[in-house]
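S.K.: Kindly produce the complete structure, drawing on both the sequences and the hints.
All residue numbers for the sequence shown refer to full-length UniProt numbering, where the first residue is 1 and numbers rise by one.
These aren't lab readings, by the way, just hints derived from the structure by calculation.
You may find that some hints are simply not true.
[To be verified] Keeping only pairs whose Cα atoms sit at most 20 Å apart, straight-line, the calculated EDC-like set for lysine to aspartate or glutamate is:
id: 1; residue 1: K47; residue 2: E34
id: 2; residue 1: K86; residue 2: D109
id: 3; residue 1: K75; residue 2: D60
id: 4; residue 1: K86; residue 2: E34
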Amino acid sequence: MALAKRFPIAHAMVFPNGAFLRGYVEPVADFNGEKRADGSRPQQRDKETGLPLWQCTVIDADDDANRKDIGVSVKFAAEVQPVPPKNTSPLPWTPVEFTGLTALPWIDDSGPRPRLSWSFRASGMVAPGQDRTDAKPPTAKAAA
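M.R.: In structure tokens form, the structure reads like this:
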């Protein structure tokens with residue numbers, strides 16, 4: 001089969017009624033890594049590119065989304081922390097659109113019944129309607 005595990009998907013297909021950044025973009029902790037001397041965890045790195053992983057929580061504005069799908073996590077593989085667009089809306093959350101969005105389906109069996117869930121990655125985020133041509137995908141780590 002020619003379909004990769006993670007596949008590209010348009011922002012509008014995932015968030016047809018918009019998406020809102022809730023909180024900040026934060027490093028993803030590596031719980032498999034050894035704790036540092038101060039007890040903190042190192043930052044997780046992308047297995048394909050070797051770049052540090054960052055994540056943010058997004059509110060899905062779709063009224064038909066069920067309660068488990070309203071808060072969505074989106075991750076970024078980037079050398080530096082992604083910067084969200086400035087919030088010019090009257091809302092406490094920043095409206096965003098994701099560039100280079102990919103999806104990976106997985107089975108969430110933590111509840112009483114297994115269900116299909118999605119893991120999302122993006123190469124960047126912009127204000128809705130902003131020109132997305134300047135968003136750059138992550139670069140692969142050079143082999144040493």
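S.K.: Decide, hint by hint, whether the structure agrees.
M.R.: Hints, verified against the model:
1. K47 x E34: The hint holds at about 17 Å.
2. K86 x D109: Outside the cut-off at roughly 37 Å; violated.
3. K75 x D60: 15 Å, holds
4. K86 x E34: Violated, because 36 Å separates the two Cα atoms, which is more than 20 Å.
Checked against the numbered hints given earlier, this structure breaks hints 2 and 4; the rest are met.
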